[in-house]
Amino acid sequence: MNTLAERFEERIQSHELPPPIPRWRFVVKRIAMWSLFALSLVVGAASAAVALWFISDPQGFLSEYRESQTLGILLDGLPILWVCVSLGAAAAAIWFYKHTPHAYKHRMTLIVSAIVASLVCLGVALMAIGVSDSLEQAASFFPGYSHFMNQRPALFMHPEHGRILGRIEAQATDTWDVRDPSGMLWHVTVDMATKFFPQVQDVRQFHPGVCVRVLGQTLAPDHSIKAERINPCPRGMRDLPPPPPLVAPGE
Amino acid sequence: MPPEAHETQTDEALAAAVTQDPHAFVVLIRRYESRLLSYVRRLGGLTHEDGEDVLQEAFMDAYRHIAEFDPSLKFSSWMYRIAHNRTVSALRKRHRSVNDVSIHDEDAGLDRILASELQTDRHAESKLTSDAVRRVLDTLPERDRAVLLLAYADEKSYQEISDILQAPMGTVATWIRRAKHKFENAARALPLSHEV
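Same order as they appear, the protein sequences are chains A and B.
Residue numbers 1 to 251, in our numbering, belong to the letters of the first sequence in order.
Residue numbers 252 to 447, in our numbering, belong to the letters of the second sequence in order.
The reader is advised that the hints may include incorrect statements.
[Claimed, not checked] With the C-beta cut set under 10 Å, the calculated list includes, among others, these residues of chain A facing chain B: (1) P18; (2) P22; (3) P101; (4) Y104.
Source of the hints: derived by calculation from the structure; they are not laboratory data.
The beta-carbon is built from N, C-alpha and C at its ideal position, and this holds for glycine as well.
Make a model of the complete structure from these sequences and hints.
See the structure below:
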């Protein structure tokens, strides 16, 4: 009986043996794997930068705007979309890395923690150099993003509890006109007792066109609010829906 | 170039030469055929013919993918990895358990499992024959069987086993420790006295 070596030799002699797969195919595959790994890291770091930018926003978690428990406040303030993109990119990076030739030398826990730590560190670095805002703005070019993020203002709109959010349209000495995301115009009464974030002196930062969050007492039914506190809007609220035709208070 | 012309070359040099001259691969097959056939048969509990079929496919895989061979690895580790994967895949495809086949011609390596650091008690150890070792091995899960065969029958280092099974060295060490423990328990549980 022929040995395997002899059988192989016979196949060579009879030219039955297909040629080996060319090296370039493996090189291309390897480059593609590393490139996709790098791309996942870039996407993950960028989305982590935006997610951290939202999460670190002191306006995003102020608990006085709703009565729910801490978990609810955290979930509301969490930029779910960006966190999901970060996690998806991290999962993709782990998968691509696991398919590189020497990945098996490392434990899965080490790979996962190293990739997650890298994404968080890169995200913090990107946030620190101030690109999160631009990245978030750039994301609005993706179809569906604006629709998704435009749900956020609704989280901060609780007029029944004296909490609204909108853009300043006009300012008089003691009354500001603020248009909310639905286009409704609110008359906000501002007096000496009104506090501004973070200090009273910073009232100059609030001028027509600026997005503000008003906390106070609703004076139903004429869409007036007596402001106890005026804060800047949470991050990412720059693209409030364009105001519809003017709706007068009480209509 | 005839295969004989390559006889003095290292495995890695031969692997590098295969794309230019397929005869270089014949030398590699000669060097690995016997020990890989033993490994494949012991791991899969395969008959000689089935073992040869699996090994032939493994060699064909290796030949086709020879350009993918990473010279930072030992060729033997790479070849064992392919043969191991082919055996596991053949086993899964056939949905069969390990056969009780006789591999008398390849028993030598099994003795080393006995001579290893297995903590079987002296009484059980003295009664274990190569045949009994094989029967005990056959009761173990595929991975335990693989690490014991590689570590003791084929005398592979932890680094080589790590490269073959594509697992971190620490994990391999844990697998071997657990496999030894399972082997010890299985050896105690099997009625072995008649093997003497």
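Here is what the structure says about each hint:
Against a cut-off of 10 Å between C-beta atoms, the interface hint on A:P18 holds, since the closest Cβ of chain B lies about 7 Å away. Residue-level restraint check for A:P22 holds (minimum Cβ-Cβ distance to chain B is 6 Å; threshold 10 Å). Here the hint on A:P101 is kept, as its CB sits about 6 Å from the closest CB of chain B, short of 10 Å. About 4 Å separates the beta-carbon of A:Y104 from the nearest beta-carbon of chain B, less than 10 Å, and the hint is met.
The structure agrees with every numbered hint stated previously.
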